[in-house]
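Student: In case you want the letters, here they are:
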Amino acid sequence: MDTIDASEHYELGTTEIAPSLLTVIIDTNPHAWATIEDALPFSKAVANILVFINAHLACNYANEVAVVASHLQKAAWLYPVSHHSQKPADRDGDVVMNGDSNGPQTSKYRSFRLIEEQVNRSLKDLLDSTSNDDFRSNTSTMLAGSLTLALSNINRRTIAWAEEHGGTKPDEVAGDGGGLATANGSAAVEDDRSLQSRILIVSVSGSSDSAHQYIPMMNSIFACQRLRIPIDVCKLSGDAVFLQQACDATKGVYMSLSEPRGFLQYLMMGFLPDQRSRRHLVLPTRIDVDFRAACFCHRRVVDIGFVCSICLSIFCEPPAGNECLTCGSPLDAGNLGGKTGSSSEKEEEEEEDPPSKWWFGGWDANVGACDSDSRALNIIILDLFNEGWNLH
Amino acid sequence: MAASMSRPLEYLESLPGTTFKKLYQQPSTALAIFRRMLPDLAKCFVMAMLYLKDPLPTSDLEKWVRSDSKRQRDNALSILGRLHILSTTLTDNNVRACMVNDPFASSLRQALMGSDDAQSFGVLSQTSNESTITVADLDEYARRQWEGVLGYMVGTSGLGQRDINLSKGVKQLLQAGHLVEIRNHHVDITKDGFGFVLQDVNTQVWHILILYVESAQAIGMDSVEVLSFLFLLSSLELGQSYDKKGMTSVQLRTLTDLADFGIVYQESPDATRFYPTRLATTLTSDSNALSTPASGSLNGPGQPGIPGTGFIIIETNYRLYAYTSSPLQISLISLFTNLKYRFPNLVTGKITRMSVRRAIDKGITADQIISYLLTHAHPQLRKHNAGQATSSSSTMPISVLPPTVTDQIRLWQLERDRLKATPGFLFKDFSSLADYQTPCEYARDIGVLVWKSDRKRMFFVSRHEEVVAFLKSRS
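Sequence order for the protein chains is A and B. Using full-length UniProt numbering, you'd call the opening residue of the first sequence number 1 and step up by one each time. Using full-length UniProt numbering, you'd call the opening residue of the second sequence number 1 and step up by one each time.
FYI, nobody ran anything at the bench for these hints, they're computed from the structure. Predicted, not measured: the structure shown is a model, and the values here were computed from it. Idealized CB from N, CA, C, for every residue including glycine. Do not take every clue at face value.
Capping the alpha-carbon separation at 20 Å, the derived lysine to any residue pairs in SDA-like fashion look like this [what the hints assert, rightly or not]:
{"no.": "1", "chain 1": "B", "residue 1": "Lys-53", "chain 2": "A", "residue 2": "Thr-158"}
{"no.": "2", "chain 1": "B", "residue 1": "Lys-383", "chain 2": "A", "residue 2": "Thr-158"}
{"no.": "3", "chain 1": "B", "residue 1": "Lys-168", "chain 2": "B", "residue 2": "Val-250"}
{"no.": "4", "chain 1": "B", "residue 1": "Lys-63", "chain 2": "A", "residue 2": "Thr-158"}
{"no.": "5", "chain 1": "B", "residue 1": "Lys-63", "chain 2": "A", "residue 2": "Gln-275"}
{"no.": "6", "chain 1": "B", "residue 1": "Lys-53", "chain 2": "A", "residue 2": "Gln-275"}
{"no.": "7", "chain 1": "B", "residue 1": "Lys-456", "chain 2": "B", "residue 2": "Ser-473"}
According to the in silico footprint, chain A covers these stretches of chain B (three or more CB under 8 Å from chain A) [stated by the list, open to error]:
{"no.": "8", "segment": "39 to 49"}
{"no.": "9", "segment": "54 to 68"}
Examples of chain B residues toward chain A, derived with CB under 7 Å [to be verified]:
{"no.": "10", "residue": "Leu-31"}
{"no.": "11", "residue": "Arg-35"}
{"no.": "12", "residue": "Gln-72"}
{"no.": "13", "residue": "Ala-111"}
{"no.": "14", "residue": "Leu-112"}
{"no.": "15", "residue": "Met-113"}
{"no.": "16", "residue": "Glu-237"}
{"no.": "17", "residue": "Ser-432"}
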């Protein structure tokens, strides 16, 4: 017999579960794929990703998916593709399909097939449009651009979804996990009501390539962090500094595959669970996150650098004219030249608000500590960024 | 678990294991069951194990799930076991391991990757569309038919509504399911029927379909075939027409019957193609907004097909405003409300103790009333209460309906409902406290425990199979 108590309000659990939007960013850098050609050819990887996408769509009727290619010179949509740029996809597309494929089309769930065809078609277009010059002149990948595309799409979908559904929806807490009501924090409860978005980056390029995109990347990462969008990274080769930071900041999954042949299994086990399920699972994450940053002047990845105290820009060496390149504040180099000369390591420089006043001595005492644990220093820097500073 | 999910689940569970083997041959069935019946965590398990060659050791699975989510894990595993999806085996070195059973695993893999065998996801009609049926047409057809069925049950067909010609089969089915009784040529709705009409459309459709499958067996149709055909229907795409060629006679017959309910549309029983309506395509969806557009459009023409449209506003003073002119909805609301005024597009009334008791006397439960109100809550009501909840940092779940109203409706029911019967099984006579405690905790974890008494060393469960298996595995 139910007892009456004031803390428990009777609410019927509808099976309302907010669908999730998965954005897959595929690194299509041909240089990088060439290096793992033997273990996992690109075509096979794409096939695996498509199965993974189908599995995601199979989990919920209303789940959505978006695929972005992070190519050499540009970031491009693979799915969905805007209608004016290609052949009409849906209505007229049917006529085409009726014409060219009779047998095999029926053996596949329709929405799976549509996505698959679209992704393959746009991927082919993308590769066809890559000129030899592009190929030779560039070895990196437009990861920052893809992240931005993904984010803007997520934002658009989230707003559209919320509008369609009359604001937030009730009772998902009770409906959560098929009726396994759990008392989660209110933040988690809040998240359950809106479209659940997450980003998966399938990355093959190395870290040195993406250093020149440091600032836009970090901005996207902080945006994700703020919107509580986890960034999952599946690293097929190499190890990227900034992507580790992305996962760490957004509480995503980071996996560096030692055996790329098992790509699909990794995807299915590690990356398929959505935010709701992840609360119940032990996730593969890294403890030893590489927190290094790239300097703003030469885009070098640095362990320790100079930080402008006004705008927190990072420099690998004191900028010319002792003026911050970002905000233009005059910085007092002081006896810095001597310092860097005497010890080969780079040091942290801090400047008090009226630029004429210096606390260099105070920081000098800390330099030793920072040297021994460069990561701790960089954590501090990152934490400062997280407070809401904008990098320009 | 919500009612809409549990009913098909309960029905499926009651089927014998061999039926599952046959059912899971179809990729569309495997996909539909995977999508519709499983909780989130179970979906993760299935997907993680789907492409594994060797069974996954149970210990690994336990490590994968957080220790404080043990209950969810056991529940997920229990459902997977009951649906014959997962089985545990012993590997060569005597480790307990689980794996996805074969017909299901291979079918789901086929669904995900595509295969070249038969048309498990329907054949798109190849004929050129000279008379195109739009999605709006389909929605309208589904709405009309479904409202006709409900109207027949509630008896509103006399209230100036267009008469829908319900076929004899539909009427017989409703009667066989004890939703209506016919006395002196007069249709009387039963207690079950009242419960039925207040549910959301998706639940209603499932209810009817299960009745249909049950009755199909009685008239000599293969229930497995009918059932897998229903799952196939649910994976079709709205607004597309499908070819009837190659369908078996059982399927064709089912199709004709389902057309009477508005679940599929065909121009005539002899047409060469059919269209699934929204009622069919949202069968396996969880999402409320997708599963109730038909009800959204039930509240009158002018806004058909807008997902998630509700029309009821309730205030904390128990006043109810319903923006509808549908005689069906008005008569439903009047079941538990004292209606006061009626305007062309609005009825107002008040929920009182007497009106709720009257409804409960007819066999309607408080849960049904509340879920009806919830399903049809006006967007304004949702927005308003959601806004309130975000401003206050409450850890309580946000309620769309005023909590005072829902609680009071419950209390009014409890006033007369003092006994509750639960069929189940009693475990007693445990020799030691430890012997008693472990199975008791296990039963609680898998969510079947109803009652226990530590002093008497007894506990009562709603299902006993797993507890027995657990006890056996320990002895």
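Student: Does each hint fit the structure? Answer for all of them.
Tutor: Outcome of the hint check:
Taking the CA atoms of Lys-53 of chain B and Thr-158 of chain A, the gap is near 38 Å; set against the 20 Å cutoff, the hint is violated. Our distance criterion of 20 Å between C-alpha atoms is met by Lys-383 of chain B and Thr-158 of chain A, whose separation comes to about 16 Å. Of the supplied pair hints, the one linking Lys-168 of chain B and Val-250 of chain B holds, its CA atoms being roughly 18 Å apart against a limit of 20 Å. For the given pair, Lys-63 of chain B sits about 34 Å from Thr-158 of chain A by alpha-carbon distance, which is inconsistent with the 20 Å threshold.
Restraint check: the Cα-Cα separation between Lys-63 of chain B and Gln-275 of chain A comes to about 19 Å, which is no more than 20 Å; the hinted pair holds. The suggested pairing of Lys-53 of chain B with Gln-275 of chain A is violated, with an alpha-carbon distance near 27 Å, which exceeds 20 Å. The suggested pairing of Lys-456 of chain B with Ser-473 of chain B is violated, with an alpha-carbon distance near 24 Å, which exceeds 20 Å. Beta-carbon proximity to chain A at under 8 Å applies to 8 residues in the segment 39 to 49 of chain B; the threshold of 3 is reached and the given coverage holds.
Restraint check on the segment 54 to 68 of chain B versus chain A: 4 residues with Cβ-Cβ distances below 8 Å, three needed, restraint holds. Taking 7 Å as the C-beta contact cut-off toward chain A, the hint placing Leu-31 of chain B at the interface holds, the least distance being around 6 Å. For the restraint placing Arg-35 of chain B at the interface with chain A, the shortest Cβ-Cβ distance is roughly 6 Å, inside the 7 Å limit, so the hint holds. Among the interface hints, the one on Gln-72 of chain B holds; its C-beta lies about 5 Å from the nearest C-beta in chain A, closer than the 7 Å criterion.
Evaluation of the Ala-111 of chain B hint against chain A yields a held restraint, the C-beta minimum of about 6 Å falling below 7 Å. At about 4 Å, the closest approach between the beta carbon of Leu-112 of chain B and any beta carbon in chain A falls short of 7 Å, and the interface hint on this residue holds. Annotation: interface hint on Met-113 of chain B holds; nearest CB of chain A at approximately 6 Å, less than 7 Å. Taken as an interface hint, Glu-237 of chain B checks out: its beta carbon lies about 5 Å from the nearest beta carbon of chain A, inside 7 Å.
Interface hint status for Ser-432 of chain B: violated, as the beta-carbon distance to the closest one in chain A is roughly 30 Å, over 7 Å.
Consistency with the previously given hints fails for numbers 1, 4, 6, 7, 17, ordered from lowest to highest.
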